[in-house]
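A.B. asks: Chains as they are written, first to last, in this note's numbering: chain A, 1 to 416; chain B, 1 to 416.
Derived by calculation from the structure, the hints in this document are not laboratory data.
From a predicted model like this one, the values you see are computed outputs, not experimental measurements.
Mixed in with the good hints, there may be bad ones.
What the simulated footprint calls covered on chain A by chain B, stretch by stretch (three residues with Cβ under 8 Å from a Cβ of chain B suffice, anywhere in the stretch; the number is not a length) [claimed, not checked]:
| no. | region |
| --- | --- |
| 1 | 106 to 117 |
| 2 | 263 to 271 |
| 3 | 304 to 313 |
| 4 | 317 to 326 |
| 5 | 358 to 364 |
Derived DMTMM-like pairs (lysine to aspartate or glutamate); straight-line CA-CA distance at most 20 Å [as the list claims (entries may be wrong)]:
| no. | chain 1 | residue 1 | chain 2 | residue 2 |
| --- | --- | --- | --- | --- |
| 6 | A | 227 | A | 28 |
| 7 | B | 2 | A | 44 |
| 8 | B | 344 | A | 345 |
| 9 | A | 227 | A | 251 |
| 10 | A | 227 | B | 112 |
| 11 | B | 2 | A | 242 |
| 12 | A | 2 | B | 45 |
| 13 | A | 410 | A | 366 |
| 14 | A | 2 | B | 345 |
| 15 | A | 344 | B | 173 |
| 16 | B | 2 | B | 204 |
| 17 | B | 2 | A | 11 |
| 18 | B | 332 | B | 293 |
| 19 | A | 237 | A | 257 |
Backbone N, C-alpha and C define an ideal beta-carbon position, used for all residues, glycine too.
2 protein chains.
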Amino acid sequence: MKAEIVAIGTELLLGEIDDTNATYISRELTTIGMDVYLRHTVDDDLGRIVQVLGAAMRRSDVVVICGGLGPTPDDLTREAIAQVTNRALQSVVGAEDQLRQFFAQRHRTVTENNLKQCQVPRGGRLLDNPVGTAPGILVEHEGCTLVAVPGPPPEMREMMSNHVMPFLRSKLEERGDVPLFTRSLRLADIGESEAANELADILDQATDPAVALYASPGEVRIRIATKAASEAEANKKLGQIEQIIRQRLVEHVYSVDEETMEVAIGQALRAAGATLAVAESCTGGLIASRITDVPGSSRYFLNGYVTYNNESKQRLLGVPAAILEQHGAVSKECAQTMAEGARKDSGAGYAVAVTGIAGPDGGTPEKPVGRAYIAVADERGTICEQFDWPGTRTQFKQRVSQMALNLVRKRVLGLA
Amino acid sequence: MKAEIVAIGTELLLGEIDDTNATYISRELTTIGMDVYLRHTVDDDLGRIVQVLGAAMRRSDVVVICGGLGPTPDDLTREAIAQVTNRALQSVVGAEDQLRQFFAQRHRTVTENNLKQCQVPRGGRLLDNPVGTAPGILVEHEGCTLVAVPGPPPEMREMMSNHVMPFLRSKLEERGDVPLFTRSLRLADIGESEAANELADILDQATDPAVALYASPGEVRIRIATKAASEAEANKKLGQIEQIIRQRLVEHVYSVDEETMEVAIGQALRAAGATLAVAESCTGGLIASRITDVPGSSRYFLNGYVTYNNESKQRLLGVPAAILEQHGAVSKECAQTMAEGARKDSGAGYAVAVTGIAGPDGGTPEKPVGRAYIAVADERGTICEQFDWPGTRTQFKQRVSQMALNLVRKRVLGLA
């Protein structure tokens, strides 16, 4: 079943807010196996809204409209649906009573504009909105289902969950469509082309579950998807292919779906009953900040050292002056002694240290911008990896922090 | 001049990421006075991309395409532009050399797929991408300007600022359109309604320049805009109203346009020839990370202490055990001694310290989730502010870091 999304609102096109509603609705529709090929954003102009809706209805089985259901003159979704379906607007009496009650409870009076919100194109129905004043609209017209939900995110989400999704699920069932289930494996320390090489046969041959690679900001993901009659059946099929992929890329697959690296590392440390300290030069506190984004991180994270100048590397971490003189602050030797110093001073089981050249200045031919050394110290000793990736300063910090967290993860899990 | 935006990528329509690029591009185009009425998102399907581009080109003077310029087979923007303009793809030799060099620096080999990225539809030109592998494309076709920029946000932003916006500005000038000039004053530590009260008369009366308030995530901005024949004329008009607003809100206006708080603070410290150290508990390294996002920050930032547990507050910052016992780690007394300890240990002229309850757990009736204490120590003594703002853990960290940086800014500038 093909679905198209139309977001309405001049504020979106002025770039004043991110359209997180469109993301949410896309994900909801995709999750139950609908095909979302197109999404549009239109300003508050009746002619353009009607034009975009008309084209979407000709292409798709379902059109979900978000926004423009409020009481002000620039809320035009209701009128646009009436025009595009050529149906008159009619008041729904029960809805008017409900709206009057909503206002009375808040000691406010209903205006004529508000009552406009109780109108629906002939043959359509209103969708209840318990958390706001704007009811939704559902109209079936010439083989296409038009659904309109309000723009405020809590109202949109409530209505999607309680009205739109159950309705669409039953539509899919009626048509005998089997729902789609997906899982996304997140990879660290591997590029898209390298991952494609490792999985070449699977990517070529696997059709059910389907396996695809894609690069999301800063990382590569493997998306596996299957249509199945039940969640249990889907989990079995997805689990099997996940196992095979994990065996090939054991060092790289760090989590599934929305679980971040910092959450994965927290789980590894807690399972091992271990603690962590962090010593940062080029990432400037980003690694510690990411670790502490996780609720409960105080159970395994002890403290961090942001040793930006050489003097603090010596004073706080005990890096010998001789190392700084002979090898420089951006060196394997410095990273290793930083990690060892942080472990000793904090008393943590693991300590990770990074030093590098974030740029744009400070590079040399031997140590260019984008060079970093990442060291992890634990009771078994100290390991260190070199890393080269020029980019913007913030990209570099993000990538080095990801590599550093992944090296801790691998060390804790016995993979490095 | 009418502009339309086309975002390309199946991942957007699967709802896997928010399309922040579309927001950014909308804002940039609007800022110079272009009319953005429509935005579309299309999956990686050549037929649909060509269809959407064709319709957009018929309606608009400029079509900005974002994404689909990568090296994989599902990157189809280049082919789509070639089809819709009916022009053959041709390789640009200089670009190939540049790409080979980019890969060599990263110790990777160029593939045939990568070289595809150096092709451009006949008569078009490539836009340089210094931070990634995908150059952009600019083609003028039957009165419409087609511009394609890469999907990764840092690459997109770089290319928009350095290539696309200057080009579009000159287009507007050629057409004799009086360009719109805007300036956005960024405010800290004040809410939208409080700012509206302070500026009530200006917001009511000012028409040229127009003055409007808007809340962007985490802060309030004042947008002033005027149409003017030249940048000099615009700067004069905008500068006058900016002066009046700054006089009213001197403590709150911390910067203009895209200049962040961390850049503003860096300028203040450099102008004062001063240095800074940071001691963080609840922000977990975020303040230090933000400070070090600024190139050249090593000139004023010495080092940071992420003292997440009580023991490290004592060991690294010398917070007395008696303070932790009597007042707790989340207290004015603890914040002040943290700041004083950081200043003494680092030798910095200024030290800022934060301690608080990020949540979701750990709150009490006297010290609820969202409570923070922020202290700044310098040669004149130590000041401390209390802050209460419940929200998600990441919102809290962001807001506390902003408040802490603003308190440093005010202290350095003699405003606190």
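A.B. asks: Is the Cα-Cα distance between residue 227 (chain A) and residue 112 (chain B) 20 Å or less?
C.D. replies: Answer violated: residue 227 (chain A) to residue 112 (chain B) is near 35 Å, above 20 Å.
A.B. asks: Measure nothing beyond the straight line between the CA atoms of residue 2 (chain A) and residue 345 (chain B); if it is 20 Å or shorter, mark the hint as holding.
C.D. replies: Roughly 63 Å between the alpha carbons, so the hint for residue 2 (chain A) and residue 345 (chain B) is violated.
A.B. asks: Taking 8 Å as the C-beta cutoff, is the stated coverage of the region 317 to 326 of chain A by chain B satisfied by three or more residues?
C.D. replies: violated (count 0)
A.B. asks: Starting from residue 2 (chain B), check that the Cα of residue 204 (chain B) is at most 20 Å away, please.
C.D. replies: The hint is violated at about 29 Å.
A.B. asks: Are the Cα positions of residue 344 (chain B) and residue 345 (chain A) separated by 20 Å at most?
C.D. replies: holds, 19 Å
A.B. asks: Quick check: do three or more residues in the region 304 to 313 of chain A have a beta carbon closer than 8 Å to a beta carbon of chain B?
C.D. replies: Per the Cβ count (8), the hint holds.
A.B. asks: Between the alpha carbons of residue 332 (chain B) and residue 293 (chain B), is the straight-line distance 20 Å or under?
C.D. replies: Judged against 20 Å, a Cα distance of about 28 Å means the pair is violated.
A.B. asks: Holds or violated: residue 344 (chain A) with residue 173 (chain B), Cα cutoff 20 Å?
C.D. replies: Answer violated: residue 344 (chain A) to residue 173 (chain B) is near 64 Å, above 20 Å.
A.B. asks: Does the structure keep residue 237 (chain A) and residue 257 (chain A) at a Cα separation of 20 Å or less?
C.D. replies: Within the cut-off at roughly 17 Å; holds.
A.B. asks: Does residue 2 (chain B) pair with residue 11 (chain A) here, judged by a C-alpha cut-off of 20 Å?
C.D. replies: Holds. Residue 2 (chain B) to residue 11 (chain A) sits at ~16 Å (cutoff 20 Å).
A.B. asks: How about the region 263 to 271 of chain A: do at least three of its residues have a C-beta closer than 8 Å to a C-beta of chain B?
C.D. replies: violated (count 0)
A.B. asks: With the threshold set at 20 Å, check whether the alpha-carbon distance from residue 2 (chain A) to residue 45 (chain B) stays at or below it.
C.D. replies: Satisfied, since the Cα-Cα distance of roughly 14 Å is no more than 20 Å.
Checked against the numbered hints given earlier, this structure breaks hints 1, 2, 4, 9, 10, 11, 13, 14, 15, 16 and 18; the rest are met.
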